[in-house]
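**Student:** Go ahead and model the full structure; you've got the sequences and the hints to work with.
The sequence shown maps to residues 1 to 377 in my numbering.
Because the hints were derived from the structure by calculation, they are not lab data.
Bear in mind that the values here come from a model prediction, so they are computed numbers and not experimental data.
Heads up, the beta-carbon is just placed ideally off N, CA and C, and yes, glycines get one too.
Hints are all accurate, no fakes.
If you anchor each label on the Cβ, the simulated ranges turn out as follows:
1. Pro66 - Gln323: 47 to 55 Å
2. Glu45 - Leu91: 16 to 24 Å
3. Lys293 - Pro66: 47 to 55 Å
4. Ser128 - Ile187: 29 to 37 Å
The calculated lysine to aspartate or glutamate pairs, modelled on DMTMM-like cross-linking and capped at a C-alpha distance of 20 Å, are:
5. Lys94 - Glu67
6. Lys41 - Glu73
7. Lys316 - Asp16
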Amino acid sequence: MAYLLENVIFVTKNEDVNENLVSTFKQFKNSNIITQVDPAKFMDEQFIAGFCRRGVVTVLPLKPLPEFHLSIEKSVLTLDMSPVIYSGFGLSAKRMKQGKKQFFYRFQVDLNSPKFQRNGPLHKRLQSFFRAFTNPSELGTRIPHCLANLGPFFVDWLPDSSVTQINKFPKIESIASYLNNEEHIVIQPQYEVFDYSGPPIQIPELISWDKFLDKQKQNTCTKIEETSDFLNIVNIRLGLTVLSYLAAGISFPHSSVSNCEPSDNPCLSNSTLSPIYTQTLNEILSPVYKLEKLKIIYLSGLFLDCCYYELEDKIKFMLTESQCEDELIYMCKCSLRTTTDSIQSLQHSVLPLGTLFLTGRKGTSDSQCPPLIKIRF
Numbered sequence: 001m002a003y004l005l006e007n008v009i010f011v012t013k014n015e016d017v018n019e020n021l022v023s024t025f026k027q028f029k030n031s032n033i034i035t036q037v038d039p040a041k042f043m044d045e046q047f048i049a050g051f052c053r054r055g056v057v058t059v060l061p062l063k064p065l066p067e068f069h070l071s072i073e074k075s076v077l078t079l080d081m082s083p084v085i086y087s088g089f090g091l092s093a094k095r096m097k098q099g100k101k102q103f104f105y106r107f108q109v110d111l112n113s114p115k116f117q118r119n120g121p122l123h124k125r126l127q128s129f130f131r132a133f134t135n136p137s138e139l140g141t142r143i144p145h146c147l148a149n150l151g152p153f154f155v156d157w158l159p160d161s162s163v164t165q166i167n168k169f170p171k172i173e174s175i176a177s178y179l180n181n182e183e184h185i186v187i188q189p190q191y192e193v194f195d196y197s198g199p200p201i202q203i204p205e206l207i208s209w210d211k212f213l214d215k216q217k218q219n220t221c222t223k224i225e226e227t228s229d230f231l232n233i234v235n236i237r238l239g240l241t242v243l244s245y246l247a248a249g250i251s252f253p254h255s256s257v258s259n260c261e262p263s264d265n266p267c268l269s270n271s272t273l274s275p276i277y278t279q280t281l282n283e284i285l286s287p288v289y290k291l292e293k294l295k296i297i298y299l300s301g302l303f304l305d306c307c308y309y310e311l312e313d314k315i316k317f318m319l320t321e322s323q324c325e326d327e328l329i330y331m332c333k334c335s336l337r338t339t340t341d342s343i344q345s346l347q348h349s350v351l352p353l354g355t356l357f358l359t360g361r362k363g364t365s366d367s368q369c370p371p372l373i374k375i376r377f
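**Tutor:** Now the structure itself:
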């Protein structure tokens, strides 16, 4: 399931990583938001043939509703419905558990599949169902009136080769214009780079590299688990706390207060204002990483979480190529959140909040690369 991100934050002391990330950000495409949509358009032949069957379509709601959830991922339409709405749906759907006693119904169909035939029984039934949302004469008692106006939605279209062979630069925003030609918003990703030059940030020993290298020699280290004996779980949690505060801005001044020194932040000097942070620093008895002259990079906008994993791969590749020793790069993400209790928000899922990259020291052989570990929190 795709999720939308608002921010990704990076903490690094490597200048090359900083420059490469910034150049990557510049290639990120704009995000398109439609404020409102007639759901019947999702069943238009032009939408299915022109977008779903000629690329990858993504439609994600920005304001989830408690009774109904509509999304399209990789051209697969998903409808999550409360029992009341499902009673008037007219098609079979899968019953999904929600909490101890509650449940909802999920219907999915691949709009790019040859089995989804134009003007077939399934297509006609979905057309009729969606028309009932906006047509007052067809709006039945089973469909709440609050669903008459669906939106806003994040929309994205990745054209396939059948489109790019004809037009190398197709207009990605055309899907937003088609779904709502009058009201759609374009959001451009932004980035800011902050220099931290305050007191060194201390991080404890997170990895026992000797044990890790022994595992590698034994070919038993294929995937890191919490039970791995070369991981110091307590120190990793301490390090995560310190890095998270740093990423949140507690350990450095805001850009609007450029003359302010990091030590002027009362949260760093007054334990009564930030007891958890002070306690964490006191628990770091033998710091291994002293982070100085850091680059803190903020990427803001609205984009799919797959971009986060692309950036993970980018950082891993950069560290492998650079062969830097004792390197530490931390990246964390902030997902888009709403205040609405929806069907989707009540589903329990564990998502990583951040990723930490660590490199050790090279072995005795000059040709040997420094070991690299990636930890997701």
